[in-house]
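Chain L is fixed; fit chains H, A and R onto it per the hints.
Residue numbers (the numbering used here), protein chains in the order written: chain L, -18 to 394; chain H, -18 to 394; chain A, -18 to 394; chain R, -18 to 394.
Each hint should be verified, as a subset may be incorrect.
The list cannot tell twin chains apart, which means a pair is met if one copy fits it or any two copies do.
Said to hold, decoys possible - Straight-line alpha carbon distances no greater than 16 angstroms define the calculated EDC-like cross-link-like pairs of lysine to aspartate or glutamate that follow:
{"id": "1", "residue 1": "Lys172", "residue 2": "Asp299"}
{"id": "2", "residue 1": "Lys41", "residue 2": "Glu67"}
{"id": "3", "residue 1": "Lys141", "residue 2": "Asp164"}
{"id": "4", "residue 1": "Lys267", "residue 2": "Glu317"}
{"id": "5", "residue 1": "Lys141", "residue 2": "Glu196"}
{"id": "6", "residue 1": "Lys172", "residue 2": "Glu131"}
{"id": "7", "residue 1": "Lys267", "residue 2": "Asp164"}
{"id": "8", "residue 1": "Lys206", "residue 2": "Asp335"}
To be clear, the hints were calculated from the coordinates, so they are not data collected in a lab.
Number of protein chains: 4
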Amino acid sequence: MSTYGSLFRVTTYGESHCASVGAIVDGCPPGLQLSAADIQVQLSRRRPGQSNLTTPRDEKDLIHLQSGLEHGVTLGTPIAFLVKNEDQRPHDYSETDLYPRPSHADYTYLEKYGIKASSGGGRSSARETVARVAAGAIAEKYLKLAYGIEIVAFVSSVGKVHLPAALAPPSLTPSSNDDDEDDALSDDFRKLLATISREQVDSHPTRCPHHETAERMTQRIIRAKDAQDSIGGTVTCVIRGVPSGLGEPVFDKFEASLGHAMLSIPATKAFEIGSGFRGTEVPGSKHNDPFIRRGDGRLGTATNWSGGIQGGITNGEDIYFRIGFKSPATISQPQETAQYDGTPGSLAARGRHDPCVVPRAVPIVEAMAAIVVMDQLLIQNSRKTAASLLPPITTLPATMVMPRKVAEGSQGN
Amino acid sequence: MSTYGSLFRVTTYGESHCASVGAIVDGCPPGLQLSAADIQVQLSRRRPGQSNLTTPRDEKDLIHLQSGLEHGVTLGTPIAFLVKNEDQRPHDYSETDLYPRPSHADYTYLEKYGIKASSGGGRSSARETVARVAAGAIAEKYLKLAYGIEIVAFVSSVGKVHLPAALAPPSLTPSSNDDDEDDALSDDFRKLLATISREQVDSHPTRCPHHETAERMTQRIIRAKDAQDSIGGTVTCVIRGVPSGLGEPVFDKFEASLGHAMLSIPATKAFEIGSGFRGTEVPGSKHNDPFIRRGDGRLGTATNWSGGIQGGITNGEDIYFRIGFKSPATISQPQETAQYDGTPGSLAARGRHDPCVVPRAVPIVEAMAAIVVMDQLLIQNSRKTAASLLPPITTLPATMVMPRKVAEGSQGN
Amino acid sequence: MSTYGSLFRVTTYGESHCASVGAIVDGCPPGLQLSAADIQVQLSRRRPGQSNLTTPRDEKDLIHLQSGLEHGVTLGTPIAFLVKNEDQRPHDYSETDLYPRPSHADYTYLEKYGIKASSGGGRSSARETVARVAAGAIAEKYLKLAYGIEIVAFVSSVGKVHLPAALAPPSLTPSSNDDDEDDALSDDFRKLLATISREQVDSHPTRCPHHETAERMTQRIIRAKDAQDSIGGTVTCVIRGVPSGLGEPVFDKFEASLGHAMLSIPATKAFEIGSGFRGTEVPGSKHNDPFIRRGDGRLGTATNWSGGIQGGITNGEDIYFRIGFKSPATISQPQETAQYDGTPGSLAARGRHDPCVVPRAVPIVEAMAAIVVMDQLLIQNSRKTAASLLPPITTLPATMVMPRKVAEGSQGN
Amino acid sequence: MSTYGSLFRVTTYGESHCASVGAIVDGCPPGLQLSAADIQVQLSRRRPGQSNLTTPRDEKDLIHLQSGLEHGVTLGTPIAFLVKNEDQRPHDYSETDLYPRPSHADYTYLEKYGIKASSGGGRSSARETVARVAAGAIAEKYLKLAYGIEIVAFVSSVGKVHLPAALAPPSLTPSSNDDDEDDALSDDFRKLLATISREQVDSHPTRCPHHETAERMTQRIIRAKDAQDSIGGTVTCVIRGVPSGLGEPVFDKFEASLGHAMLSIPATKAFEIGSGFRGTEVPGSKHNDPFIRRGDGRLGTATNWSGGIQGGITNGEDIYFRIGFKSPATISQPQETAQYDGTPGSLAARGRHDPCVVPRAVPIVEAMAAIVVMDQLLIQNSRKTAASLLPPITTLPATMVMPRKVAEGSQGN
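Only chain L is shown next, with the shape it has when bound in the complex:
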């Protein structure tokens, strides 16, 4: 349904052409300094009309906070907010109403509900992501202040235009045909993950951090636009500074929750964590991440094919993942398809279309990542605090706790 999370719980509402879109964010810790501006910055990054690459709809997307705050500080109670739908134009789509738009949600919503919004695609509209982005900005503010966690997403491909191999996520690295010769995880890629900032990402309208590739992406998008067509792409995201121990065994493994969140973003078709599909081809002896002692005395891993997660639980290394967004379904060129009653015909969509959504997807990915980390952090906080209040047990076999004690002792060195 329209709720995500257990302790940090986001419930959203709104379709394209109703009065507003918004959400209730329940479970935000009290005592967090939070302003509309903290949220607005991400909403504006999501907003269409930022460059000639995206749709010209100019929605102001101003956030109106309703509750949960006093004097700019969270009270611990639900934070509600809304963003008005100023540019509604419900008649834009009316002439094409006899046709369910191909690969759109018109048909499936009608099948599901027996009724559909007369204009626009209902809850499947990208307009719905406004609420996610705002909710994510709240989570992110907390994560940054309390843990120093940083989340940065960027565009890693548009169509067949990819980042160069050295900077590309593992599954995009060209692989040798020799079964036994697998390239190592690229150092340059790990360095990119470790250092990339939103400023770098935003320095080009495509939000690709490699300038030359970014330029080629621009050309690809313009080509799609000129052809009244569309093109997809991938977004790669890194989360830095996540403590170890997050993620719940079995069904709510960290990567399962993260995948769930990412695959709930409109137009997504694929998700990879760490080595992803590439990890299916690299033998275990090369894919395993050996442990090393880090500078702070704790264990780290020499490589990071795992993407910061082992056994479904974070290990303290950078978490990175990649999401595939299909080419947008809404295109202006005529399509041969059928009407609701089965009559074949040609449909030409009108109105404003985004030929490529991936640049605007960047803040949405970051928002969902923040929401997932936040919820898992609150759950693990609870367990950790609970365990810390128990009297220590001195009779356990060393194999169950000794290694840990040794590790802790070694931190003093």
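Leaving out everything else, chains H, A and R in the frame of chain L:
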């Protein structure tokens, strides 16, 4: 935590070396004929020791049903079951206890809980999947009897050995370098999805339905085994006969729930629905699935890049997806790594290891698919029944309901 | 947290003095005709300032629907709404800020969150119930149209002024001292439950349906007001027309869910279903409800000590229950208490106070009842539909299904 | 369904005559020393056949732990356990199968599921409470070790035999007819709550802590037994040592969760927290609990009509509540009722019956109380830890945080 689902709810328990593993399945519809044999067949497909390609642990894995049934029929109350851990050998791993196994869950479980099982990897062990497979078999029995739904998974790659292009999932199809020339979705692949059976899948120990590829996969696995190494692979799965309208808007889209379930299986690193990553490269004009009138008068799609889901909701077409399993972390060859206290050293795992888990993953994927469909079906059932009890509304604009009426009328033709 | 329900899910927000209060109602069936007026009527019944018995705050409490509807019909998507806080006056309470108000939530909210709203009681304020009432009105509209379900609550006592014995709920009937002589359940009370309407209830400002008692209640409330004191009371509620089979075994029995919902209303201290505490004193031989054949051929019960629920599941009879509301904590007379720092002193609250909240609690009780029935109906709908799709089983012992068939056959007579 | 709790989650299974009853307890903190004996002691208190007042079924009710523990210490993973059903005798009830037992769940289960267990009352059987008691014992062990929390329940009435006024819960205190003269909360009752132990409770088979009343209760139960009848009663429970700040605003107030849990126990009809129904009659000026500075420098209340909860959140005072259990539905004397098909007739139950369940309900009430406190503690732990990690805010108005600081400062005195 250890519970999946809202109306069909599976809660599992058990680690490798405790008394038993099992689950409570709550929400199974009453009046379903169900026997231990219905479940045993899938448990046996999951069981190790089936061929020389898998680990020689010979667990009988007999299911013991505890509740929720009388005279072989479900009562609607929770169905509990357990499978005893007969082959426990807790001392197998004891000499290597100073080392967290690389890319295993030893370290992260200790970080999470401050304590770890003295032997084995706790809940991250593949032993835990016994409970999933049994729960999935219950869901599957219902889905087959009530809807004729069929779920078949198969191995689509082992290491770099893939199905031939014509039979491969979209993202494995070699793509042209020419940006504007994209291959269509393979007809042979769609035919494979439409017809493949478990018998075909099981006709080769690798569970790859293309015999020549299967043989090459066998060689690849034996090579890994001989090298005391391991190798990963991918599983592709099709769900046939799912009604339209399943999946919940926004956060619980069908593919998001499916991705969540699949990425919760141990060793998974990637998930694709329909066209997957390939869908990011094919322009919208070619990627969109045009509607056609099907033989039964209802709408279908001419192609199926969408993988049976549009806007997060099923459209009645075959649902297909692909999952990447990394190369198993447990290998026999020595690994340079560090002990819990940071001391560098060499770890050589002992015991029984599976050089490649994907053939055994096939029934696990099917089980999780069945659980997801079941839960979403029950939710949609509820809504549909509720809506059907309302008085019809005659004043709605045609654009909101008319198309549907036309479509229904046309079914009589 | 601030969410109630699983398939019909209400999430509320807002405190007394923020921008608005409101909610997101997720899971409302599509195709329901719904207008702001449907909701406003119950909001107005909850509104203060309706008579000289309640607080003079005159909030307009107009509902602003934000989403989930088109042309006055629900789309199946989340329905969001808000009611502005027009009369905020945050400074009303400022001089007494050194004191936590006795039996109020000031102290506990500060303990919980480490921070509290500078004015008003945060989420514990009765203002929060605006959102419940509006959400309940949506549920109620559905229940009435689809099932003819009627929900009517009324005031059954104010302080020690109770309805006369013949009309009182079981636990208020004076009981004999003779252990073995227990009065039967009053016929007049059952008739009252079967016939009472909201019009009758609203015909007196106290919302007590027995005019002479109502007048004495008025006197009791005026006495409390004149003494700058407050007085509590009880609300009794009947739900008519609920189908049999609702309620989930074990933890979510119908009365458990109902009790949860009622005890979540501010100022509630007690809940009884059916015979309630009286049922602890009447021997089983008299308390058991014998079955009889009803006019429609189905089974009913001759008496209804059970209150329409047996084994946690509805049996089709009228559901009735009683809730105790304590005397309001906010009173104008000075109270000897302590400041936050422990300094003893005298606190005199200022501002507008309700000497008795029970008349205004009536629509709140009805709202929560509607929400509970709605959620349980949707859950049971799902199971019933799922079971109906299975092939019939002919081999079951008669004791498991035969009785049911006989009963069904007899309906034709 | 059969799951209770969000972070401490109990899922139960089993009916009277299946292989076993049991549960999975998910979310128990790791590092807790726990043995079968810790659980067995409460199971044995629940067990029938303990005196001539209860049913002669002698089930051994031995617990079999399955998972989640090693070397007697919890791992943080799900703890599964089962208790075998040794004394099944499914044919005991067979001759009366044509009749739904009055006020039992036979009819409603058949209505709900369309099928019913051929013998026994399915999940509505008191046998199901075995799993609750065992799960509660786990929670209780944690609460005692980590917080020193104590939970003690006792029988406060059987039929019309009540504790004497001075020791009775508020709503059982005889009230004056004079509206303005309300008795204060009894000091003796508060002392009883503060000191009562399980040893005292178990010193008499009725589990009533006042010996003379206990003897009269015994006579009342024997009278019911001799008359082949049954009698109900009330259980009062105190929870000592719960920290302030537990309970979630709005829908999951502490008393709402507690009421939910208690009303889910078979045969319960009523629940009161603190002053309960009595609180509806005592004017606010007398019912309010004034604050006082306690010996430890923190705030407490001079009286405790609130029952340890204000605004839905615990305030650190003793939490007390009362539950009403109806007279058991199963009686041996013949009852005039109807068969499933409506045919009138006389039903005489056979088999073993408990004439009064309240003594055995005592450990069940304690178990559910422990589960509720545990779950709410884990939730609040999470929030508190999360808030503590934020940088302090120095710009807030004194009214939002100052009082707290003063209070903290004063603790040093």
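Results of checking the hints against the structure:
1. Lys172 to Asp299: within (11 angstroms within a copy, 42 angstroms between copies)
2. Lys41 to Glu67: Cα proximity of Lys41 and Glu67: one copy only (8 angstroms, versus 26 angstroms across).
3. Lys141 to Asp164: The answer is between: 13 angstroms across copies meets 16 angstroms, while 22 angstroms in one copy does not.
4. Lys267 to Glu317: between (49 angstroms within a copy, 11 angstroms between copies)
5. Lys141 to Glu196: Close inside one copy (13 angstroms), not across copies (33 angstroms); limit 16 angstroms.
6. Lys172 to Glu131: Answer is within: at 15 angstroms inside a copy they meet the 16 angstroms cutoff, but 46 angstroms across does not.
7. Lys267 to Asp164: Only inside one copy: Lys267 and Asp164 sit 9 angstroms apart there, 34 angstroms across copies, limit 16 angstroms.
8. Lys206 to Asp335: within (8 angstroms within a copy, 50 angstroms between copies)
Every hint from the earlier list agrees with this structure, and none is contradicted.
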